[in-house]
Each structure stands twice: as C-alpha cells, then as structure tokens.
Amino acid sequence: MGEFLLNNLSDFWTLTGFANASASGLIMILVGILFIYLAIRHGFEPMLLIPIGFGILIGNIPFDTNAGLEIGVYEEGSVLNILYQGVRQGWYPPLIFLGIGAMTDFSALISNPKLILVGAAAQFGIFGAYMVALLLGFEPNQAAGIAIIGGADGPTAIFLSSKLSPNLLGAIAVCAYSYMAMVPLIQPPIMRLLTTKKEKLIRMKPARAVSQTEKIIFPIIGLLLTCFVVPSALPLLGMLFLGNLLKESGATRRLADTAKGPLIDSITILLGMTVGASTQASEFISWSTIFIFFLGLVAFCIATMSGVLFVKFFNIFLSKDNKINPLIGNAGVSAVPMSARISQNVGLEYDPTNYLLMHAMGPNVAGVIGSAVAAGVLLGFLS
Amino acid sequence: MQPFNEALSLMVVGMITVFFILFSIVLIGDILIRVSNKYLPEEAQESKAEKPHRTSNNTHAAIKAAISLATKGKGTVTSITKI
Chain A
487 MGEFLLNNLS
497 DFWTLTGFAN
507 ASASGLIMIL
517 VGILFIYLAI
527 RHGFEPMLLI
537 PIGFGILIGN
547 IPFDTNAGLE
557 IGVYEEGSVL
567 NILYQGVRQG
577 WYPPLIFLGI
587 GAMTDFSALI
597 SNPKLILVGA
607 AAQFGIFGAY
617 MVALLLGFEP
627 NQAAGIAIIG
637 GADGPTAIFL
647 SSKLSPNLLG
657 AIAVCAYSYM
667 AMVPLIQPPI
677 MRLLTTKKEK
687 LIRMKPARAV
697 SQTEKIIFPI
707 IGLLLTCFVV
717 PSALPLLGML
727 FLGNLLKESG
737 ATRRLADTAK
747 GPLIDSITIL
757 LGMTVGASTQ
767 ASEFISWSTI
777 FIFFLGLVAF
787 CIATMSGVLF
797 VKFFNIFLSK
807 DNKINPLIGN
817 AGVSAVPMSA
827 RISQNVGLEY
837 DPTNYLLMHA
847 MGPNVAGVIG
857 SAVAAGVLLG
867 FLS
Chain B
17 MQPFNEALSL
27 MVVGMITVFF
37 ILFSIVLIGD
47 ILIRVSNKYL
57 PEEAQESKAE
67 KPHRTSNNTH
77 AAIKAAISLA
87 TKGKGTVTSI
97 TKI
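Keeping their order, the protein sequence lines are chains A and B. Just so you know, we're using my numbering here: the first sequence kicks off at 487 and counts up by one. Just so you know, we're using my numbering here: the second sequence kicks off at 17 and counts up by one.
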C-alpha cells in the first residue's frame, strides 16, 4: 500500500512544474513579471504588455512534454496552438489593421499631404536595419523579418515574420512590441540631438478643415494606388482602408464600432497572449534573440533619425511660412499615436504654446501605410 | 559581397517604391479631392477647436461689468474664450 502510494506520488511529481523547471524557464517567467510590472506601474503600453507578459508566464510554465498533455503552444492540436495559428498564419494582423483603420482619422494627412513623405522617409529604418542584419550574418528572409521591427508596427512585424522567418517570430514580435512600448525613452534624445533650438520652435500653419467627401475618397484611392503597385501588402492595407471607409462612410457606424472596439480588443488579447506564450525558454533564449533585440533598437533609431533629418532636408525647399517642425519627423514611424504624442511633448518643452500633435498625426498615419508598403516590398522580393 | 549588393539594391528599390506610392497618393489624392470638391461641393467640417464659443448676452454683460469695475473703466473685453 505504502509503495503504491509512493509510486503514484512519484509519478505525479514528474508531471508537476516543479520537477520540470529549468533556469531558463524561470528567467522567462521573471521577464513576464517585469513586462506586467512595467505596464501597470509605469504605464508602458499596458494593452500590449499585460497580455504579452502574462502569455510569457503561460508559455513558460514547465511541464513534461512527453506526457502527451497537448497543452503547449507548439504542440499540434492544443488549445494554445490553435489560438497561435492566428499569429503563425498571419491572420491576426489584418484584423488588427481593420480596427486601426476604423480608429484612424486621416484628416491631418489629407489637409497637409506633403507630410506623407515624412512617413515614407522613416521607412529607411527598415531597409537600413535589413542591411545591418545581413552584415551580422542573418539569412535575407530572417534579416527582413528583423528589419521590419524598425517600422514600429507590431502587427506588420508579425505578419511579415510569419511569412518570411517563422522560426524567429516569437522574438521579433516581443521585440517589436517591447520597443513600441519604449518609444518614449528611445525617440526624444535623438530628436533633441538632431534639431537646433530655432528648428524646435518652428510653428506650423494650422491644418485646413477636411470635408466628408475627401475622407470617403481617401481610403478608396489609397487602396487602389498602394495595392496595384504592391499587391503583397493587400491583407494589411486592404483591411486598414476598409476599416477607415467603414468609419468615414457614415453608413456603417455599427461595423466601424465593432471593428475599433470589441473586434480589435479581442484580437489584441489573443495576439498578445499567444505571442507571449510562444516565447518558451527553449525556443527564445538564444544569441539570435539578443541580436534581434540589438537590431530592433538600431532599426528604431535609424527610423527616427531618418524622419527628423528628412524634415530638415525638406525644409530647404519650403517657403518660410510653410516650414515643418522637425520634431514631428519621429512620428514617421507607425507607433500610433505614441510617437505623435512624443512630438507634442518634446515640442512643448521648448514652447509651451506650440501644439504639434495634429501635425504629427499626418506622418504618423502615413507611417502605418509606409511600413505596410515596405513589408509588401520585402515580401514580394523575398518570398 | 553579393548579398550586400543585393541588399543595397533592395533598399534602393524599396525606398523608391515607398516614396513613389506615398507620393502618388499625395498627387492623385490631391487631384481627386480638388475634382470632388468642385463637382460635389460640401461644407467642410469645422473642428471643435475652431468653433467660436458663443457666450450668452447676459454672461457677456456680466463679464464686461466685472472687468470695468476691476480696472476702473480702463479695461475692455474684446473676446471671451472658454478654457
């Protein structure tokens, strides 16, 4: 009787997390707790970091993989694996883009279209980081997946890496979202460094009012132009512009409300949690991950610098009354609306009455389009 | 060297494509918007910030009286903005 009990207890013990724990798994659990702490205590993108952080905890609970429990994110047929297919097959990102489209007001861009070029310039971060990644020895497909982190667009990064470098997907997704949360720490020093006092004080003309007809035409033209040239960006841009048309048409308020509310919230929870769960220590802790985090930072810095420097260059050709404040150059990366808010905050440090937010929203939403186009170009060339 | 050259060409093609598409949106969008505003004219929406705040006559008179009293008739009210 005693031996029977002991054997059963021993068998049970082998199934517990305590018996299967590893140092690397515990490190990942601490990383997950750190993410949750940063999100709650310091307000770093809580909508993303809490699901991701909790997902890291879920993904790193140790268990006996030979016991046939079918609970791991990488185990075919498990619940987590089924939820993870949205990331793996790349169908969460377009749904997120539908919601983003329904939330985005393109007025700032329509009223001052030249700001769209700032959004284009910032995409240099993606291609610059692609070259650095190649120089560090990554394969072209992997380099492209890593470089897209520079677009500061989590869904686009997941979409592209799921197609080009699925083995690095977890690291790329966590890196992209981590740096998006750290935009307020990364961008301001670069913006201050690259602009003169005089440039920081530039006041931009107030944006003109935009009619409803213009707002309705914009997503249709936007879709046709972008996707005729780069069809590979269709899943992302198609959904982005559809979401925007739902919002602006005025005839589909319920659909727009669903897209920008319950739908995007549900997908964000699933995406964040499964991306977090995909960072199992055995897959995640490696030199590649460290390089990816380093390259992600490089990509972010290049993108910010490109946006700011492009505005300075562009100003050479603009009349005195139409100059652009280079502090909105950072908003060319597509972390909406975080990077536009940073333009506003840094601008206010130098002139408390100079409100740059609406001006920065132009390049910011252009960055969303630009990074999806850049992803389409990379996908077209490398898939 | 070969991969580096390919990367360089991808970068050039990629940036040109991004600029071309976004510039086309600017250009063609602007043309279509002009056409639509010409043939489908519609009153532009005023943003909330641009709407002048209407103050009732009584409130206006009370504020004017208070300013006049405080400045002993030297101050005048030119506009009232709600903050």
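Honestly, I wouldn't trust all of these hints.
Label-pair distances were calculated between CB atoms; the ranges are [unchecked claim]:
#1 H76(B) - R527(A): 45 to 51 Å
#2 E22(B) - G747(A): 41 to 47 Å
#3 K80(B) - Y523(A): 53 to 59 Å
Interface residues of chain A toward chain B, partial, derived using beta-carbon atoms under 10 Å [as the list claims (entries may be wrong)]:
#4 I612
#5 Y616
#6 P626
#7 V696
#8 E700
#9 V716
#10 L720
#11 G724
#12 L728
#13 V859
30 Å max Cα-Cα, derived DSS-like pairs, lysine-lysine [what the hints assert, rightly or not]:
#14 K806(A) - K691(A)
#15 K806(A) - K684(A)
#16 K54(B) - K691(A)
#17 K806(A) - K686(A)
#18 K54(B) - K809(A)
#19 K600(A) - K54(B)
#20 K80(B) - K90(B)
#21 K746(A) - K686(A)
#22 K600(A) - K684(A)
Worth flagging that the hints you see were computed from the coordinates, not collected in a lab. C-beta atoms are modelled at their ideal positions from N, C-alpha and C, and glycine is treated no differently.
Against the structure, the hints come out as follows:
{"no.": "1", "hint": "H76(B) - R527(A): 45 to 51 Å", "verdict": "holds, 48 Å"}
{"no.": "2", "hint": "E22(B) - G747(A): 41 to 47 Å", "verdict": "holds, 44 Å"}
{"no.": "3", "hint": "K80(B) - Y523(A): 53 to 59 Å", "verdict": "holds, 55 Å"}
{"no.": "4", "hint": "I612", "verdict": "holds, 8 Å"}
{"no.": "5", "hint": "Y616", "verdict": "holds, 6 Å"}
{"no.": "6", "hint": "P626", "verdict": "holds, 7 Å"}
{"no.": "7", "hint": "V696", "verdict": "holds, 6 Å"}
{"no.": "8", "hint": "E700", "verdict": "holds, 5 Å"}
{"no.": "9", "hint": "V716", "verdict": "holds, 7 Å"}
{"no.": "10", "hint": "L720", "verdict": "violated, 13 Å"}
{"no.": "11", "hint": "G724", "verdict": "violated, 14 Å"}
{"no.": "12", "hint": "L728", "verdict": "violated, 17 Å"}
{"no.": "13", "hint": "V859", "verdict": "holds, 5 Å"}
{"no.": "14", "hint": "K806(A) - K691(A)", "verdict": "holds, 11 Å"}
{"no.": "15", "hint": "K806(A) - K684(A)", "verdict": "holds, 13 Å"}
{"no.": "16", "hint": "K54(B) - K691(A)", "verdict": "holds, 24 Å"}
{"no.": "17", "hint": "K806(A) - K686(A)", "verdict": "holds, 15 Å"}
{"no.": "18", "hint": "K54(B) - K809(A)", "verdict": "holds, 28 Å"}
{"no.": "19", "hint": "K600(A) - K54(B)", "verdict": "holds, 21 Å"}
{"no.": "20", "hint": "K80(B) - K90(B)", "verdict": "holds, 11 Å"}
{"no.": "21", "hint": "K746(A) - K686(A)", "verdict": "violated, 34 Å"}
{"no.": "22", "hint": "K600(A) - K684(A)", "verdict": "holds, 22 Å"}
Hints 10, 11, 12, 21, counting from the list given before, are not met by this structure.
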